[in-house]
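Visitor: Residue numbers (my numbering), protein chains in the order written: chain A, 1 to 282; chain B, 1001 to 1282; chain C, 2001 to 2282; chain D, 3001 to 3282; chain E, 4001 to 4282; chain F, 5001 to 5282.
Everything labelled a hint here was simulated from the structure, so no lab data went into it.
Remember, it's a predicted structure, so these values are computed and weren't measured experimentally.
Beta carbons: idealized from backbone N, C-alpha and C, even for Gly.
It cannot be assumed that every hint is accurate.
To be verified - A short, non-exhaustive set of chain D residues, derived as facing chain E with CB atoms under 8 Å:
id	residue
1	L3142
2	G3159
3	D3162
What the hints assert, rightly or not - Simulated pairs of lysine-lysine, DSS-like, Cα-Cα distance not exceeding 27 Å:
id	chain 1	residue 1	chain 2	residue 2
4	A	K235	A	K167
5	A	K187	C	K2235
6	B	K1178	B	K1193
7	C	K2193	C	K2178
8	C	K2046	C	K2081
9	C	K2235	A	K178
10	B	K1178	E	K4235
11	A	K235	A	K46
12	E	K4081	B	K1187
13	E	K4270	E	K4081
14	A	K167	B	K1187
15	A	K270	B	K1045
16	D	K3178	D	K3167
17	E	K4081	F	K5270
18	E	K4167	F	K5045
19	E	K4193	B	K1178
20	B	K1167	B	K1178
21	F	K5045	F	K5270
22	A	K81	B	K1081
23	D	K3178	D	K3235
24	B	K1270	A	K270
25	E	K4235	E	K4187
26	C	K2081	D	K3167
Protein chains: 6
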Amino acid sequence: MFELAPQNLVPIISQALIEDQGSGDITTEAIVDRALVARGNFLAKKELVLAGWPVVVEVFRFLSQCISSEVLFDEGETIVKGAVIGRIQGPAYLLLAGERVALNFLQRLCGIATYTRRLVQAVEGTGVGILDTRKTTPGLRLLEKYAVRVGGGVNHRFGLYDGVLIKENHVTAAGGIKRAVQQARSKVGHLHKIEIEISNMQELEEALQVGVEVVLLDNMNPEDVRESVARIQGKAVVEVSGGIDLRNIRNYAVSGVDFISIGALTHSIKAADISLELEIAL
Amino acid sequence: MFELAPQNLVPIISQALIEDQGSGDITTEAIVDRALVARGNFLAKKELVLAGWPVVVEVFRFLSQCISSEVLFDEGETIVKGAVIGRIQGPAYLLLAGERVALNFLQRLCGIATYTRRLVQAVEGTGVGILDTRKTTPGLRLLEKYAVRVGGGVNHRFGLYDGVLIKENHVTAAGGIKRAVQQARSKVGHLHKIEIEISNMQELEEALQVGVEVVLLDNMNPEDVRESVARIQGKAVVEVSGGIDLRNIRNYAVSGVDFISIGALTHSIKAADISLELEIAL
Amino acid sequence: MFELAPQNLVPIISQALIEDQGSGDITTEAIVDRALVARGNFLAKKELVLAGWPVVVEVFRFLSQCISSEVLFDEGETIVKGAVIGRIQGPAYLLLAGERVALNFLQRLCGIATYTRRLVQAVEGTGVGILDTRKTTPGLRLLEKYAVRVGGGVNHRFGLYDGVLIKENHVTAAGGIKRAVQQARSKVGHLHKIEIEISNMQELEEALQVGVEVVLLDNMNPEDVRESVARIQGKAVVEVSGGIDLRNIRNYAVSGVDFISIGALTHSIKAADISLELEIAL
Amino acid sequence: MFELAPQNLVPIISQALIEDQGSGDITTEAIVDRALVARGNFLAKKELVLAGWPVVVEVFRFLSQCISSEVLFDEGETIVKGAVIGRIQGPAYLLLAGERVALNFLQRLCGIATYTRRLVQAVEGTGVGILDTRKTTPGLRLLEKYAVRVGGGVNHRFGLYDGVLIKENHVTAAGGIKRAVQQARSKVGHLHKIEIEISNMQELEEALQVGVEVVLLDNMNPEDVRESVARIQGKAVVEVSGGIDLRNIRNYAVSGVDFISIGALTHSIKAADISLELEIAL
Amino acid sequence: MFELAPQNLVPIISQALIEDQGSGDITTEAIVDRALVARGNFLAKKELVLAGWPVVVEVFRFLSQCISSEVLFDEGETIVKGAVIGRIQGPAYLLLAGERVALNFLQRLCGIATYTRRLVQAVEGTGVGILDTRKTTPGLRLLEKYAVRVGGGVNHRFGLYDGVLIKENHVTAAGGIKRAVQQARSKVGHLHKIEIEISNMQELEEALQVGVEVVLLDNMNPEDVRESVARIQGKAVVEVSGGIDLRNIRNYAVSGVDFISIGALTHSIKAADISLELEIAL
Amino acid sequence: MFELAPQNLVPIISQALIEDQGSGDITTEAIVDRALVARGNFLAKKELVLAGWPVVVEVFRFLSQCISSEVLFDEGETIVKGAVIGRIQGPAYLLLAGERVALNFLQRLCGIATYTRRLVQAVEGTGVGILDTRKTTPGLRLLEKYAVRVGGGVNHRFGLYDGVLIKENHVTAAGGIKRAVQQARSKVGHLHKIEIEISNMQELEEALQVGVEVVLLDNMNPEDVRESVARIQGKAVVEVSGGIDLRNIRNYAVSGVDFISIGALTHSIKAADISLELEIAL
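This is chain A alone, in the form it adopts within the complex (with noise of 0.2 Å):
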C-alpha cells in the first residue's frame, strides 16, 4: 500500500510531531525517569473498524527504534467495544511524546473507515459501489482515500491530474456541454476516460450524443436518478452524489447507478473513540 510507505508518512509524521512537540514535552521532560519503561494498549472505547495501524508504528518508529509494537487485528477488522487493537512497548517518555499524535491520525483513519463500512453494508448486494471525492483534509488526502478503501470504498480520482471529471463550471467555460467534451477528447491522453457532470435530462441527452464514458448525476433525487438510468441504457457509466447519507443511500443504490460518492466519507467524519493507556513494566 504506497500511501503507508516511509517516505509518505514520514514528512506529515514529522510535522504532526514538531507541532505537538515545538521545544519539548515540559511535563513528561520534569517528570518521567528517562529509564522507565512502559506498555502502552490501544483500546477501542466503542465499535470500530480498524485503519492506520501502520502510521501509529511509524509515528514511534519515527521518535525511536527502541519501540516495539504489536496489533491483533488486520487493517478493515471489525473491533468490537473494549477490545486492545494493538500494543506498543518502550521507554515511557517516548510513549508519552508520540502519544496524541498517534491517536490524532487513528482516531481519524478508523472513523473514516467505521463510516465507510457502514455505507457499504446499507447498499450490500446492489453491486453500488461507495466512491470519496476529493472534499478531504489538506495535506491527508492519501491517508484519507486509504481509509476508505480499508472500509471498503473504492477511491475517485485523487487529485486533478489523474482523471478527467467535466462540472458544472467547466461547461460554462467551455461554452456547451458538446464543445466542453470535444476538447476534453481532443487533449486528453489516450488512457483517460472522459466523465461529465449532468443535473438534469436536457444535459444527459446532450452528453450522451457526444458520447461520454461516465456520467455523473448531481443533486437529483433517486426517481430523477431512476429516470436518467433508464434513459442511458448502460451506454455509460453512472456516478451519483449530493446529499447522500446513511438515512437515504438504500434509495439510489437500488435506482441501478453504479457508483455513489460521498463527500462527508472526508470532510465531516467523526473520529473513533480510542485512547492509550500506560502501565509501567517491572
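Position chains B, C, D, E and F against the provided structure of chain A, taking the given hints into account.
Guide: Chains B, C, D, E and F in isolation, oriented as in the chain A frame:
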C-alpha cells in the same frame, strides 16, 4: 493573528495544492481558455460562523497575483443560509485550480467556528470558557485553534511545550500525585502554572495539598463536579472534560467550573456547507 | 501551462542556482562592478524550435526583480540560425550569475522540442501522434514533457499514478495476460482505460479477447505492426514503440497505428546550440 | 566518493521517485501480489562503461530495506553487449516501483562515462586530460561530473564558487584583460589560480603579460592552437574548447595543450541502452 | 533530552555539513585512501565542562554507520586540561569529513556550559538560579539552552510562544503597566504566569498593585535591587538582569532575588579549546 | 554581495523566526493593538563597526512588506557609542515580532566586524592580511565570513570544497609530506594551489622541496616564524596561525608573513551592544 501570517500558511497551502494538482489539472487545461476571466461567489448553503477567509485569500494569492478577492463579513460573524460570503475574480482556469483546496480549508474552519459558537451560546451567562484540546488534525493545529478562538472559544495549550498538564499516565510514571507535582515545580520554568488531571475526590485532596494551580476534572458527572468545586473553594482554577456535548454542557457549566474542554471541537466536526459558483465575466 | 507555474519552477531553479553558485561567483565578485548594467542577447547558433523561455525568465526573476526580459518568438516557433531569441537587461553581475543555469534549461528544452518537431514532420499527413515516455531526466519530467508538447508531440502518462500500462513484467507477475487485465479492470478507478504491452500475435489475441482498450506493440518490425493493426480492426487504440527514430519512423507511421512513442525524445537529446552575449549598457 | 554519499543521493532520488509515483503505481497495485518475490537482471543491451550502480542501490534501498543487490563489475569497467551488469532481489511490486527511476539514472550516467571513455581513448598517449564543463543537467551536476571521472575524464570547476575563470563577458565588464586579471588577483583567495578565456593571439599576449596561470583557448582551429602553445612556452597551463568531438579531438590533442573541455560530455549524451528483466522467484 | 533527538539534530547537522563540504572535500579525496581506518581522540586543551557530545555522535552517525564512538565523561562533568573527552573510530576520510563540524558544535556548547558553571559557582549557597535569555545564535537556540542546563543554569522561556514577559516596549504600546497586565491576564491561557520588566520603584509599585506574578528588575544596581526585593516582600518571583557578569554577580545574588539572567551566556561566549587528533589504526 | 541575496538569507531568517515565535508571540498578541504603528531606533550602546544591516532589513521584509527601514551608515563604517544606526517603521506588533531575531543577527555580525577591524588596525602598515577560518557557527558561515570581509579581513577557503589545505592529519594518513603533496597535485583540479600545514623546520624543508605554493606555519612563536620566512625566501605564500590575538599579533605581523588566520574571529566573539528602542508613532 499569527496563525494567518503568510509564512505559516504558505507551506500547508502549497502542500494542499500539490496534493490536488500533482502534474496538472487535465480537465481544465483541455477545456478552459487561458484568456477567460471569471468571477466566483462563495455561497453559504447553511447558516455558519465565518472563519478562515484569509486562508482562502492566500490560496489564490499563492496561485497568482492576478486574482482579486473581497469578503462581505468579518471573521466570527454569523452568515445566514444563502448569503454570499465573499468573491474572487481572475483567470477562470486559476479559480478552478484553487477552488477545491480553498473550500476544503474554509469549510473545515467554518465548521469548527460554528460548533464552537453553539457551545459558547449554550453556556452563556455562566462565565465559563470553552477550551479546545490537542486532539487536532495533524498539520492543521494552529488553524484549527484559530477557528476555535474565532468562534468564541479559548485556547488550551498549543502543544506539549507551552503548558504543564500532568495526566494520569504521568502520575503513574512518577509514582503518585505528590511526587509528580513536586518534580514539575522544581524543574519547570518560573513562568508556568501546573495543572493536574483528577478523576476522584481522593486524588483531588492530594493535589490540593501540594498546591496545584489548575485542576482538570476528567470524566466526572455534573454532581461530582459540583462537589469537587465545593471542595476546591477557589484555591485552584477548575477545568472539566470528558463526554461533554451540546446536550449536557449546560449542566456542567452551572456547576461552578471555570473552563470546559471539548475534543470534538476539532476532531469530529461537520464541515460547513459552502460552494463556489463561477460566472464568466464579459 | 501548469508546468511553468512559479511554484513548480522555483524549486528546480533554486536547486540549479545553488548547485552552480554555492558560496558565490568568485570571478564575477572580484571583477564586475555592482553598478554596471548590461544587456544580454540569447542567440540561436543553429536552427531550433523554441521551448522554455518562461524558465529563463523565472531564473532571472528569482535572482532579482531588477532584471527585465523580452522574447521575440512564441514557444513552438522555429528560429533560424543566427537570430536573437530574446533579451535580458539588468545588473551585469546578476546576468552573469544566471547565464549558465538559464542556458542549461533552455538548451535542453529547445533540444527536445526541436527533435520532437522533426519526428512530427516525418509523420505528417498520417494522423499519427508522437508520444513521449517516462524515460526522462530525474527531476525534470514536467518540463521535458512540456517541451515535447511544444514541439508538437503528445504526452503519454506523466507517471505510474495517472495511467494503467500493463508491461511484460506485470504479465509475468500476474500469471498471464488475461488475469492481469481482469485484475486491473476490477481494481483500477472508473476513469482509466487499460493499455497492455504486446510483443507477438498470440499475446495480441489474448489481449483482444479480454477487451483491452489500448495496445502497445513493442519492438515489432513494420510488417508485424501492419499485421497486428489488421487484426485489431479498430477495436483498440494502437501505440507502437521500440527502436524507432527519424530514419524509420515513416515506415511505422503508415502502418495504421495511432501513436508512436520514442524514449530518445527525452533521454538522448542533443542540446540546442544557444549562447548569451552580453553588451555593456551605456 | 562524496557524490554518492546518501545525504547527497537521497534528495534527488526521492524527488525522482515522487515525480514518477505521485499518488501511487496504479497498475502494479492492481495486479501484483504484495507477497510475490522477484529477481531482476540489469542487462547491457549495447557495450557500455559502467557508472552509477551505487545510485541504483540507493534507489532500491530508499524504497525498502528488503531489497538486496549485487553488481558484477566495478565502476569504470567496460561491459560487453548482452552481459548482466548486476542484480536486485525483493518484493516484485517494489522492484517495479523503482525500475524506471533506477534506469533513468543509470542509463544517463553510463552514457556519460561511455562517451568520456571514447574521448579519452581518442587522445591516448598525448597526456591530454579530458575536462567537463558547467553545461550539466540542472540538479544532476555532482553525479554527471562523477560519471565523467569514472569514464577517465577530469573535472573542471564544480561551479562558480570553486575556481576563477575569466570569460569574454567578464573582460568586457572589467574593461580589458589586464584590469580583469589584476582585479581577480587582488580579491580572490590565496588558494586560487586564475584562468582566462582567449580567442586570438593579441588577447593571448595581453594575458601572458599579466601572468595568468591558466589559459583557455576558445573556438580556435588546431593550427591556431598550435601557434598559441608555441607562444605560451609552458608559462601557463593550456585548455582548449569549442566544437571539439570524437572526429577532430586527436588534431587538438597533438597540438601540445594540457586539457580539452567538452560541453557535450554532459549536455548532449546518448543514454546507455540498459533494461531490467524480472523473473519470479520460486 | 528532547533537544538531542535525531529529528532535531539532523537538520542543523546536515546544514552544517553541507556548508562545509559543498561539492566535496577535495583535499581528503585526493590524498586519503578510502580503505584507511583511523582513531580520533577529542582532547580538552583547557579545563572545560562537557556539553554536546551527543551532537558529535550524531554528526558522525549522519556521515556513516561505520563510525563508532565512546565518551569518557558525562554531560556536565568538568574535564581537566589535557584529558581525552571521547573517541571515534572509522574510515579516516569520514573522520576528516566530520571533524570541523563536530568541533564547531562541541566547542561552542562546552563554552556555554563552562561559563554557566562558573556563574553558578559564583552564586553558590544563595539559592539563586542562573537564567539564560533569547539572545541566542540564530538556528541553535535549543542546543544552546541545553548547554546552559548542562552547566547548571535554568532555562527562561524558549521563545515568544511559551511565556509572558511584558517588556518596556509592550508597556509603551499598551499605554501603561496596569493596562498591559490586565490585557495579558484576560487573553493569555490559564497556564501562564505573567512577568513584567521594571526599571524603577514607581513601576514596581504599579506592577505589584495589579498583582503580577514575576518581576524582572532591569539594569538596576545591587542597592536598588535590594530595596526592590524588600518592597516586593515575596509577593512575586524576582528576576534581575542587565550588565551582570562574573565580577559583580555575587553582589546581585545576595540581594534576595530568585533569578539572575545573563545574555552573554549565549551571545558572547568563548569557544572551549578542543582538538581532534587522528592516529592511523593498524 | 552574494551572501546577502534573499535566497540565501530567507532560509536562516525563517528558521530563526520560527525558533523564536513558534505558535505565536503570546505577550504581544494579548497586549498590542494591531493598528498601532511604531518607529524603532537601533542604538549603538558601545562603539562598533557596522555589519549585517541588510539582514535586519530582510528580517522585517520577511515579516511584512509594510515595514520600512533606513540606515544611516555604510557597512564597514565605525559607529560611535550612542549613535542611531538605523530605523524601522511599521505595525508595532510586527516590529516586536522581529526585534530579537534582528538583534541576534546584527549583534553577532557587528561583533565579528568590530574585532576584525581591531586586528586589521593592529597590523597596519605591514601588508599582512587577516584571514578567517572554518571555525564558524554552524549554519552561519557565509554571513560570518561576510562580516570578516566587512571588517577588513580576507576570507580563507569557504569550506572543504574550494581550496586544498593539507593538515597534519592528512600527512599522517598519506604517509608523509611528499606523498601527500604529490597525490594532491595529481588529483586536484588545475585551478587550485596547494597549501600545507607545517609545524617545524624539517617539515618546511620537505614541503619546499616538493614545491607547495602556500605554507601554513602552525603554532610557532614569532622567532620560529621569522626563521621560516627567511628559509622560504618568497618561494611560497606564508600563512601563520595558532594562539594569536590582539596582544601578540603585531609580533607575528612584522615577521614577514603574508597572512595571519584567527579562529577566534568567528568562534569566540563578543556580541556588539545594540538595542532597539520603540516609540509609538502618532
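Visitor: Take the hints in turn and mark each one as holding or not.
Guide: So, going through the hints one by one against the coordinates:
{"no.": "1", "hint": "L3142", "result": "holds (6 Å)"}
{"no.": "2", "hint": "G3159", "result": "holds (7 Å)"}
{"no.": "3", "hint": "D3162", "result": "holds (7 Å)"}
{"no.": "4", "hint": "K235/A / K167/A", "result": "holds (20 Å)"}
{"no.": "5", "hint": "K187/A / K2235/C", "result": "holds (21 Å)"}
{"no.": "6", "hint": "K1178/B / K1193/B", "result": "holds (16 Å)"}
{"no.": "7", "hint": "K2193/C / K2178/C", "result": "holds (16 Å)"}
{"no.": "8", "hint": "K2046/C / K2081/C", "result": "holds (4 Å)"}
{"no.": "9", "hint": "K2235/C / K178/A", "result": "holds (24 Å)"}
{"no.": "10", "hint": "K1178/B / K4235/E", "result": "holds (24 Å)"}
{"no.": "11", "hint": "K235/A / K46/A", "result": "violated (44 Å)"}
{"no.": "12", "hint": "K4081/E / K1187/B", "result": "violated (32 Å)"}
{"no.": "13", "hint": "K4270/E / K4081/E", "result": "holds (16 Å)"}
{"no.": "14", "hint": "K167/A / K1187/B", "result": "violated (59 Å)"}
{"no.": "15", "hint": "K270/A / K1045/B", "result": "holds (21 Å)"}
{"no.": "16", "hint": "K3178/D / K3167/D", "result": "holds (13 Å)"}
{"no.": "17", "hint": "K4081/E / K5270/F", "result": "holds (24 Å)"}
{"no.": "18", "hint": "K4167/E / K5045/F", "result": "holds (19 Å)"}
{"no.": "19", "hint": "K4193/E / K1178/B", "result": "holds (22 Å)"}
{"no.": "20", "hint": "K1167/B / K1178/B", "result": "holds (13 Å)"}
{"no.": "21", "hint": "K5045/F / K5270/F", "result": "holds (14 Å)"}
{"no.": "22", "hint": "K81/A / K1081/B", "result": "violated (39 Å)"}
{"no.": "23", "hint": "K3178/D / K3235/D", "result": "holds (17 Å)"}
{"no.": "24", "hint": "K1270/B / K270/A", "result": "holds (8 Å)"}
{"no.": "25", "hint": "K4235/E / K4187/E", "result": "holds (23 Å)"}
{"no.": "26", "hint": "K2081/C / K3167/D", "result": "holds (24 Å)"}
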